[in-house]
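Engineer: Using the sequences and the hints, build the whole thing.
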Amino acid sequence: MTAATPVLAFHDVDFGYEGRPVLRGVTLAIPPGDLVSVVGPNGSGKTTLLKLALGLLRPTAGEVTVFGERPERARRRIGYVPQHAHLDPMFPVSALDVVLMGRLGLGPALGPWRRHDREAARTALAEVGLADHADRHFAALSGGQKQRTLIARSLAGEPELMLLDEPTAGLDAHVEEGFYRLLEALNRRLTIVMVSHDLGFVAGFVKSVICVGQKVVVHPTSAITGQVIADLYGADMRIIRHDHRCSEEGHQC
Amino acid sequence: MLTPALAIVAALPAVPAFLGPLATHAFLQYALLGGLLVAVPCGVVGSYVVIRRISYIAGAISHSVLAGLGLVQYLRVVHGMTWLSPLGGAAASALLSALVIGWVSLRLRQREDTVIGAVWAVGMAAGIVLISLTPGYAADLMSYLFGNILMLTPRDLWLIGALGVAVVAVVTLFHKQLLAVCFDDEFASLRGVRTARYHFLLLGLTALTVVVLVSVVGIIMVIALLTLPAATANHLTRRLSHMMIVAALLCAGLTAAGLALSYGPDLPAGAVTILLTGVLYFATALFRKR
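Chain order of the listed sequences is A and B. First residue of the first sequence: 0, per numbering that gives the first Met the number 0; consecutive thereafter. First residue of the second sequence: 0, per numbering that gives the first Met the number 0; consecutive thereafter.
No lab work stands behind these hints: they were computed from the structure. We treat Cβ as the ideally placed atom computed from N, Cα and C, and that holds for glycine. Since no wrong hints were added, every one of them can be taken at face value.
Under the rule of at most 20 Å between Cα atoms (straight-line distance), these lysine to aspartate or glutamate pairs were calculated in the EDC-like manner:
no.: 1; chain 1: A; residue 1: K50; chain 2: B; residue 2: E185
no.: 2; chain 1: A; residue 1: K206; chain 2: A; residue 2: E176
no.: 3; chain 1: A; residue 1: K50; chain 2: B; residue 2: D184
no.: 4; chain 1: A; residue 1: K206; chain 2: A; residue 2: D164
no.: 5; chain 1: A; residue 1: K50; chain 2: A; residue 2: D33
no.: 6; chain 1: A; residue 1: K50; chain 2: A; residue 2: D11
Here's a subset of chain A near chain B, in silico, CB distances under 7 Å, partners left out:
no.: 7; residue: F90
no.: 8; residue: L103
no.: 9; residue: G104
no.: 10; residue: H136
Structural biologist: See the structure below:
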């Protein structure tokens with residue numbers, strides 16, 4: 000990989016579900032070290048963009064590359080952090096058990112985890128500030144702690160690119176603040192791309208913003224203006240508004 | 000719920016009536032040992048069934064077993080193919096159902112429940128028709144449906160024991176992958192785990208466990224013995240390995256208790272076992288709520 004190779008690149012990508020187009024002509028390139036937020040109304044295709052980057056979906060046209068390779072081949076270098084809300088709250092695992100799942104593909108294929116894997120998992124938990132919670136029942140953790148545990152799980156896989164899906168959904172404002180500080184710290188060694196429906200909140204801390212609407216546009220954060228948001232959401236919104244909710248159609252904010 | 004609970008308490012004096020014959024009757028010893036041996040696959044596989052939420056798949060597999068049992072019985076009696084074993088027929092139909100449901104749940108996710116229902120009912124229907132075509136074997140239908148732990152043979156015990164060893168070996172080798180697939184299969188597949196393979200592995204283990212449990216509690220009640228001890232253990236533990244051990248101990252205790260309580264008053268052992276299992280499950284669920 001040369002210095003010029005983007006970590007994540009879309010070249011004229013189209014994607015649709017059963018004939019309904021979701022993304023059209025998406026071209027973007029994320030350089031190493033970036034901290035990017037993907038924003039847009041509900042149903043605009045933000046999560047689709049993430050799934051294309053992971054290779055869980057294939058574009059109907061165009062090409063997605065991660066570290067210059069097909070996403071399927073680059074998965075080991077990606078740390079994926081899904082939303083925790085879809086996970087079974089009764090599931091019998093400790094926080095450490097969950098983080099160890101991030102070692103799959105790195106640790107032994109058969110039998111129990113080795114000491115080396117356990118140490119890597121504990122280091123990852125410490126990095127997200129949960130060193131003392133390793134043996135706690137995952138279900139007993141707060142929403143913010145669960146989210147951090149899932150970040151630790153992705154860190155345990157030693158990623159170079161971290162993809163997060165709506166990481167702040169359902170978090171209290173003060174928890175969210177600490178969460179952004181954690182991402183900033185991780186960004187010193189990782190490229191980070193996160194999906195958010197909360198444009199105003201992220202604008203203050205990310206380096207660039209990808210707006211997903213009918214077209215996909217990449218902006219440096221400083222260029223986020225009322226006009227950009229109006230183009231995206233189809234209404235005149237103010238950046239500082241934190242509590243907006245968009246309709247399913249995504250145009251009447 | 001209260002009446003069966005009282006009935007069980009009322010049956011407690013029946014236990015001594017069981018201990019005397021246990022010392023002298025080999026069939027009772029086989030039954031007791033069978034209940035203890037079956038607890039190993041029951042606790043381990045049952046825990047996976049509960050955490051992966053495939054109880055209904057296990058239910059469909061267990062009911063489809065009747066087709067295999069009926070076919071073997073029919074071929075033995077009508078066509079003289081006495082070398083066929085009912086257990087083999089049961090295993091074949093269970094594995095076939097597991098394959099069909101597994102394939103459908105991977106390919107056509109939104110129609111999974113319809114297919115589960117179809118396998119469930121069609122399996123039973125085929126079994127009932129085959130048994131009615133077989134002269135003189137209607138009595139077997141009852142023992143298939145409701146189980147008869149008193150009919151276990153030493154050969155059955157060896158098979159149950161072998162399945163337990165195989166289940167423990169497989170789970171020890173693939174624990175990491177199975178746990179990750181049950182918890183978050185999308186993430187597991189992103190980490191390079193072949194999730195479809197483990198999906199089928201779990202369904203295959205479920206099918207074989209169902210077959211041995213049928214001999215203890217019968218087709219209709221298998222789903223309860225497979226899932227309720229594990230669900231009870233889920234209330235009491237916080238890690239999967241502990242859940243499996245507690246589920247296996249509960250399963251062993253419940254089948255032994257079912258056998259002991261039913262013997263004196265001459266009640267069906269399978270049904271008494273399931274009543275005990277249900278009482279314990281609802282009791283822990285209520286206790287947990289408070």
